[in-house]
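*Asks:* Sequence:
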Amino acid sequence: MVSFVVCVSLVSSAYAQIQSQAQPQTNACKTLIATGNPEYPPYLWRDPDDENKLIGANADLMQLLAKEIGISIEVKYAGPWGRVQEEAKLGRVDLIAGAFFTQPRLDYMDYFYPAFRETRSVIWTRDNAVFPYKKWSDLKRRLGVTVINNSFGDEFDRYAKESLKITTVPGLEQALKMLSLSRADYLIYEEDPGLAYAAKLNITGLKTVNPAISNESLYLTFSHKSACNTGDMRGRIAKAIIKLNKQNIMNKLIESNIQVWRKQTK
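Going by this note's numbering, the sequence shown wraps up at 267, each residue one higher than the last.
Keep in mind that a hint or two might mislead.
List time: in silico SDA-like cross-link candidates among lysine to any residue, alpha-carbon distance up to 20 Å [unchecked claim]:
#	residue 1	residue 2
1	Lys31	Glu75
2	Lys141	Ala116
3	Lys226	Asp111
Since the hints were derived computationally from the structure, they do not count as laboratory data.
Can you make the complete structure from the sequences, with help from the hints?
*Replies:* What follows is the structure, given as structure tokens:
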């Protein structure tokens, strides 16, 4: 009889432990930590009043998302874009507020569909450069530059790795200066953030050329190692993203944040 009671007690204890581990961790998630590319106006940039925070259209979207899911979201500066991705791999941040889709990134984070914004990545050159560009192969035998760990779509990334000579640098400011000083023949970067940073740095004499390298979608992503990454939480965030997309929220957020950026850079 004693052994039977002990067995029942052990089974009950084990069952309780399993149940505890299986419970959704939503209740433990009082706050989600989001981050992203800090050189990405009007989408994201460091708050001049608090450099530990990121502001911009994507940060504003996170606050609207927080209201929808009932959990606060802090949008923090976690370093340059390359470091941001490492932080997501390690689970030190929960969300990346704006990432292109690449297959390697599926190894460490989930993507929420649909995308919340479409972006355009282009070739930048100097105004006085004799640089005929109509197709990717026109970039051969020229030196390019871009920001480390940037992606411009799987197809172009593969082509660039196999056929092009592209230097990577930690930040957009350095890349723009290299191009301006003729240390590179071209820069690959998204059009809107590039224009914003060139204006801030007072860099002139640069232009973008057509056609675009790629038109990519920006997604919200969730670190696999986040303690808050549960089926329940993913479902709540996905439903909220769908709802906000239907309201065309991003168009309004981008317009208002372009004005904020301009005021700060005057």
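*Asks:* With reference to the structure, classify each hint as holding or not holding.
*Replies:* Status of each hint after checking the structure:
{"no.": "1", "hint": "Lys31 / Glu75", "verdict": "11 Å, holds"}
{"no.": "2", "hint": "Lys141 / Ala116", "verdict": "32 Å, violated"}
{"no.": "3", "hint": "Lys226 / Asp111", "verdict": "10 Å, holds"}
Violated hint: 2 only; the structure is consistent with all others.
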